[in-house]
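Undergrad: From first to last, the protein sequence lines are chains P and H.
Position 188 of the first sequence, counting from 1, maps to 1325 under this note's numbering, and the rest follow consecutively.
Position 152 of the second sequence, counting from 1, maps to 154 under this note's numbering, and the rest follow consecutively.
Careful, some of the hints might be misleading.
[Claimed, not checked] Straight-line Cα separation of at most 25 Å, DSS-like style, residue types lysine-lysine; simulated pairs:
1. H:Lys596 x H:Lys504
2. P:Lys1205 x P:Lys1229
3. P:Lys1178 x H:Lys504
4. P:Lys1330 x P:Lys1382
5. H:Lys506 x H:Lys574
6. H:Lys501 x P:Lys1178
7. P:Lys1330 x P:Lys1363
8. H:Lys513 x P:Lys1178
9. P:Lys1178 x H:Lys506
10. H:Lys584 x H:Lys501
11. H:Lys97 x H:Lys435
12. P:Lys1205 x H:Lys360
13. H:Lys501 x H:Lys175
14. H:Lys501 x H:Lys574
15. P:Lys1363 x P:Lys1382
Bear in mind the hints are in silico, worked out from the structure with no lab data behind them.
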Amino acid sequence: MSDRTFRIWRGNQQDDGDFVEYSIDVQTGMVVLDCIHEIQKQHAPDLACRWNCKAGKCGSCSMEINGKPALSCMTRMNTFEPDETITVQPLKTFPVIRDLVSDVSWNYQQNQRIRPFAPRPRDPDGEHRMMQEDVDRVQEFRKCIECFLCQDVCHILRDRETQQNFAGPRFMVRLASLEMHPLDTDDRLQELKDESGSGLCNITRCCTEACPEHIGITDNAIIPMKERVVDRFYDPLVWLMRKLKPGNSREKTTVE
Amino acid sequence: MIHLDEIQTIEHDVLVVGAGGAGLRAAIETSNLGLSTGVITKSLLGKAHTVMAEGGMAAALGNVDSRDNWKIHFRDTMRGGKFLNQWEMAAIHAKEAPDRVRELEDWGAVFDRTRTGLINQRNFGGHRYPRLAHVGDRTGLELIRTLQDHGIHQGMHVHMECIGIDLLQDGGKISGMLAYWRETGRFVVFRAPVVIFATGGAGKAWRVTSNSWEYSGDGYGMAARAGAELMDMEFTQFHPTGMVWPPSVRGTLVTEGVRGEGGILTNSEGVRFMFDNIPERFASETADTKEEAQLWLDGDREARRPPELLTRDVVARAIMREVKAGRGSEHGGAYLDISHRNSDFVKRKLPSMYHQFKELAEVDITAQQMEVGPTLHYYMGGIRVDAESQMTNVPGLFAAGECGTGLHGANRLGGNSLSDLIVFGARAGLGAKAYLDKLSGTPTVQQEQVHEQMRSVIDFLNREDGENPYVVVDDLQTTMEQHVGIVRDGTELEEGIEKLQKLKERAAAVKAHATSQYNPGWNTCIDLRNMILSAEATARCALQREESRGAHTRLDFEGEREEGLTFNSVVKLVDGQIEARKEMRPTPPEELAKIANASLEDLEGSRV
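With the rest of the complex left out, here is chain P (with noise of 0.2 Å):
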């Protein structure tokens, strides 16, 4: 039950944009994305934004707050000081189409080049057996509301130059979640240091500071395929071996 300000960046790609000042009425529990929705209603009914759910499970809200990458249907405002003016703008690390929207197809390309989960047979009854605990990390990986904000923070992604060498946080995450299933038969490894880039990360954790569903981004997903890879094709010990026994290069590390 407060006048607040906000600064909302507006333009298109192909226009320089600029941000606008608008003030609402803002009511008790209300998160930055009624106040969007609110601004929409009362002053600008063309003011682009996605979003759909409204409980941060969707992952389309996604915007810089205050200079802070955040879904905006989880951002209450009781978490800014009261006569905080809230500057609102769209993902950096994507080309804007409109105001808040960015074009993030970039994403999808990256996902489809990921090759597709290849289970091993069924039992003989018909049935897939994995025991919940060899499960847990993929689920947790599977979590993943694709919100992009861990791609957005990341450093490597953000630079254009390194963007097209790297698959960034959200695929590092999809390749473990198909590495450490436990019916995968398909061996990713490779595709992991080449196409995917997974030597570029340096770690920075940015990408798990960000991600709103708290998946451990950087030490459960990234740091262990990291590790498969320099083993595979680092450790000199293992280097020899596949040169002695060639067959055996293709062999796939599960969680059993």
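Guided by the hints, dock chain H onto chain P, whose structure is given.
TA: Only chain H this time, still in chain P's reference frame:
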């Protein structure tokens, strides 16, 4: 106006509208059958409403209780639907759900496991046995991500942020669809002899709803304008547990999984009121003491289920009754409590509920009660389809998932929605193939139709002035809350229909500012007409059904009436006006009627 050749055109054998569970499953089927398949989605891929489904998908796998089988699932579905379901659809669903769920595992889904490593199943309202395959309380996300990651390698083309305007027809047959790209605001003509709708419901016509902006009844509007029939539109499910506080999240879903894991409902006096709300039909299967309910929770197979797990219509009405009697919670709902269970258990089984309440309401559900109340959640009714093929009465138009109808009757059981998506999504794909195999010649796109449809939406941008579409949506929501809410009444409904006529006029004269590029104001203008059409169809069916059955409650006609069981409400657009009629129900297939009315003992022992 622009010549047809100058408008972007994309050709497919099959165009799927909607990329939730049903749409993606249908597209996987048609892609695998070698058909060129396009999928259009209002949002980005993977964001459809399916991600919000929490509790699980129902399938009689029998992994947790081996007494379960398809016949009992079928019987539960019919009873939950108060016997207004389409018999064949309920049977097909119960029979095919287990295979559709197992198939997801081959595509990468990782369900929670039993102790022996099989897919775990949880209890849910109206299901006799633990039947819901689940992943914590984010089963919908698991479903959509699995279908998405599998689907993109099957050859389908996903056209993101592309919104359908209307169907194109050639002599009644489907020839394609006009749509526009949100990103640019430009039009695109899809030429396709088959269109499969997987467009979801129309919950956004209400204020307190678990639905997002996408749920504007696009499929209902477009199908009706193309001559398709809608059925059972009076049956709108109010989920008993939506959040009620703070106001900005009012309506956001609280999964039934909370009650499935032992959550109890109490009023402001601390009374567990569901014990006083057990309908006769379910009395023999429901615990009538706290002690028995506790035994059931502890795993006693002889104990009966707690009354909190009665069907959604029953629980929603009971909460309303408590609030009306002045025994509601602080902000006008009921208390839902799971804090008696171990804190780690709650966080593991209901992680997103824990997160949601913590972040949005500053409530720790492992230690505090939640406040919950009914929220418009789901359309049992929808586009009328053939049970086997999912084709509508418009040749070449199919519908699956929430936008179709027939499986759920007067009330849907929790968990039957996700299984509905994959069973009938796949069926629609097969139906499309069968239709194409028999189709001679290719229906053509008519320039005049395209122009007329384009004009109808460009007008919103071009007119000098007009009303703000958001204000009209707001008034629509107020009207639906007041007149077509959880408890209905003839006079109220008639007044509501009057108001909807005025809203229709206002909606035709709204104005969108600025350009068509990524303009939510323009989107709202276009969505509004579908929302109002769906709302009116619901109100007219509700007025016609003079009884209380399942999710449809009439103050002036209490209780189920014999006549109510003889018909389904069918709606059709005649000269631009919505007309409702009663379609007599055919005699049920003998075998299915026998199963639905059999005793549990006989079904468990496979004696029926």
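Undergrad: Please go over all the hints and tell whether each is borne out by the structure.
TA: Hint check:
1. The suggested pairing of Lys596 (chain H) with Lys504 (chain H) is violated, with an alpha-carbon distance near 48 Å, which exceeds 25 Å.
2. Restraint check for Lys1205 (chain P) and Lys1229 (chain P): satisfied, since their Cα atoms lie roughly 11 Å apart, inside the 25 Å limit.
3. At most 25 Å may separate the alpha-carbon atoms for a hinted pair to count; Lys1178 (chain P) and Lys504 (chain H) meet this at roughly 21 Å.
4. For the given pair, Lys1330 (chain P) sits about 22 Å from Lys1382 (chain P) by alpha-carbon distance, which is consistent with the 25 Å threshold.
5. Straight-line distance between C-alpha atoms of Lys506 (chain H) and Lys574 (chain H) comes to about 17 Å, which keeps the hinted pair within the 25 Å bound.
6. Note on Lys501 (chain H) and Lys1178 (chain P): the hinted pairing holds, with a Cα-Cα distance of about 22 Å set against a maximum of 25 Å.
7. For the hint linking Lys1330 (chain P) to Lys1363 (chain P), the alpha-carbon distance of about 8 Å falls within 25 Å, and the restraint holds.
8. Pair hint Lys513 (chain H) plus Lys1178 (chain P) holds up; C-alpha atoms about 13 Å apart against a cutoff of 25 Å.
9. The suggested pairing of Lys1178 (chain P) with Lys506 (chain H) holds, with an alpha-carbon distance near 20 Å, which does not exceed 25 Å.
10. With a CA separation close to 24 Å, the supplied pair Lys584 (chain H) and Lys501 (chain H) stays within the 25 Å bound.
11. A hinted pair counts as satisfied when its Cα atoms are at most 25 Å apart, and Lys97 (chain H) with Lys435 (chain H) qualifies at roughly 22 Å.
12. For the hint linking Lys1205 (chain P) to Lys360 (chain H), the alpha-carbon distance of about 21 Å falls within 25 Å, and the restraint holds.
13. Between the alpha carbons of Lys501 (chain H) and Lys175 (chain H) the distance comes to roughly 35 Å, so the proposed pair goes past 25 Å and is violated.
14. For a cut-off of 25 Å, the pair hint linking Lys501 (chain H) to Lys574 (chain H) stands: about 20 Å separates their Cα positions.
15. A distance of roughly 24 Å separates the Cα atoms of Lys1363 (chain P) and Lys1382 (chain P); the hinted pair therefore holds under the 25 Å criterion.
In the structure shown, a violation is registered for the earlier hints numbered 1, 13, in ascending order.
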